[in-house]
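Numbered according to full-length UniProt numbering, the sequence shown terminates at residue 342, and the numbering increases by one at each position without gaps.
Calculated from the structure, these hints are not laboratory results.
A few of these clues could be false.
For each label pair, taking beta carbons as the anchor points, the in silico distance ranges come out as [to be verified]:
{"id": "1", "residue 1": "Ala-79", "residue 2": "Tyr-247", "range": "33 to 41 Å"}
{"id": "2", "residue 1": "Asp-296", "residue 2": "Pro-89", "range": "48 to 56 Å"}
{"id": "3", "residue 1": "Ala-221", "residue 2": "Thr-80", "range": "49 to 57 Å"}
{"id": "4", "residue 1": "His-52", "residue 2": "Asp-251", "range": "46 to 54 Å"}
{"id": "5", "residue 1": "Thr-2", "residue 2": "Thr-245", "range": "41 to 49 Å"}
Bear in mind the structure is a predicted one, so any value in this text is a computation, not a measurement.
Glycine residues also receive a C-beta, built at the ideal position from the N, C-alpha and C atoms.
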Amino acid sequence: MTHKIAILGASGYTGAELIRLIATHPEMEIVALGANSKAGMEMAEVFPHLRHLSLPKLVKIDQIDFDQVDLCFCALPHATSQAVIKELPKTLKIVDLSADFRLRDPEEYARWYGGQHQALECQNEAIYGLTEFYRDDIKSARLVAGTGCNAATGQYALRPLIQAGVIDLDEIIIDLKTGVSGAGRSLKENLLHAELSEGAHAYAVGGTHRHLAEFDQEFSAIAGRPVKVQFTPHLLPANRGIVATIYVKGDPAEVHQTLAGAYADETFLEVLPLGQTPSTRHIRGSNFCHIGVTGDRIEGRAIVITALDNLTKGSSGQALQNANLMLGCDEDTGLMLAPVFP
């Protein structure tokens with residue numbers, strides 16, 4: 001069976017990444033590409049690296065006949081996404097890549113995103129899209145909310161440790177570095193080559209990054225009490241990839257054993273031998289996430305390092321993984337591409 005797919009926001013980085021992945025999917029066909037700002041253009045004009053594919057022309061979202069679509073990926077900015085999704089057919093399966101449906105509490109959404117949620121009826125049915133932990137709910141979901149890429153990176157390192165009670169919940173520091181594509185394709189002065197290259201800098205310092213809301217929500221739910229982590233992201237002069245160095249109070253061998261056991265049967269989550277650490281260059285362009293654990297010179301301290309590609313496992317690859325579950329496909333279909341190296 002071939003499932004008919006629409007992608008909204010197809011002219012952005014995550015939209016292009018979805019097309020790249022779906023091109024290898026034997027059970028999906030892209031029948032509509034929405035991109036209001038570039039409507040009327042061919043995808044080859046917007047992304048020449050996709051010119052070998054036979055794709056529909058970009059159109060305005062209101063020109064798409066959603067009655068002919070089985071599943072829609074929504075790769076639009078937050079706030080825009082909720083306005084569009086609440087008008088889509090109620091029978092349409094949707095995977096949203098924005099932040100609009102990640103937070104269960106509408107007051108938390110308003111606090112972190114600066115405005116009242118405008119599609120609460122959709123929010124109430126949305127399932128959080130961290131696939132390995134919400135797999136059973138995702139299978140029967142109509143609307144899945146993709147995670148933040150930084151939030152996914154930190155959660156893969158920490159969720160099993162919090163669940164198992166092997167670390168001090170009040171002693172968690174996440175020091176994260178991310179590639180520039182995580183900021184999207186819109187023109188921004190601070191992302192110009194002359195502004196960004198040959199340097200790195202911290203941003204959203206002091207607990208202001210919006211992905212902290214996901215950490216608060218998910219970690220507190222696991223622990224059964226409030227958990228707040230320290231989190232500082234840094235922008236790297238690199239196109240893709242996230243690497244997070246996470247400092248915890250716990251026995252390194254126990255931390256490693258807990259993660260290795262939790263992910264032993266997971267296709268895309270690879271826990272390295274104790275003492276080895278991952279690199280973004282080893283997961284580039286793939287849906288794999290590598291996790292390393294090492295000890296610290298201070299007794300009873302462990303360092304967990306996680307690496308994934310923000311556009312793939314952190315966003316579009318995760319979205320396709322979820323869509324596979326929603327449509328009854330094998331979960332890894334279209335996602336077994338090897339990382340690109342060097």
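The hints, checked one at a time:
Against the hinted window of 33 to 41 Å, the Cβ-Cβ separation of Ala-79 and Tyr-247 comes to about 34 Å, which satisfies the hint. Between Asp-296 and Pro-89 the Cβ separation comes to about 53 Å, which falls inside the hinted range of 48 to 56 Å. For Ala-221 paired with Thr-80, a C-beta distance near 28 Å fails the hint of 49 to 57 Å. Look at His-52 against Asp-251: about 51 Å separates their beta carbons, and that is inside 46 to 54 Å.
The supplied range of 41 to 49 Å is met by Thr-2 and Thr-245, whose beta-carbon atoms lie about 43 Å from each other.
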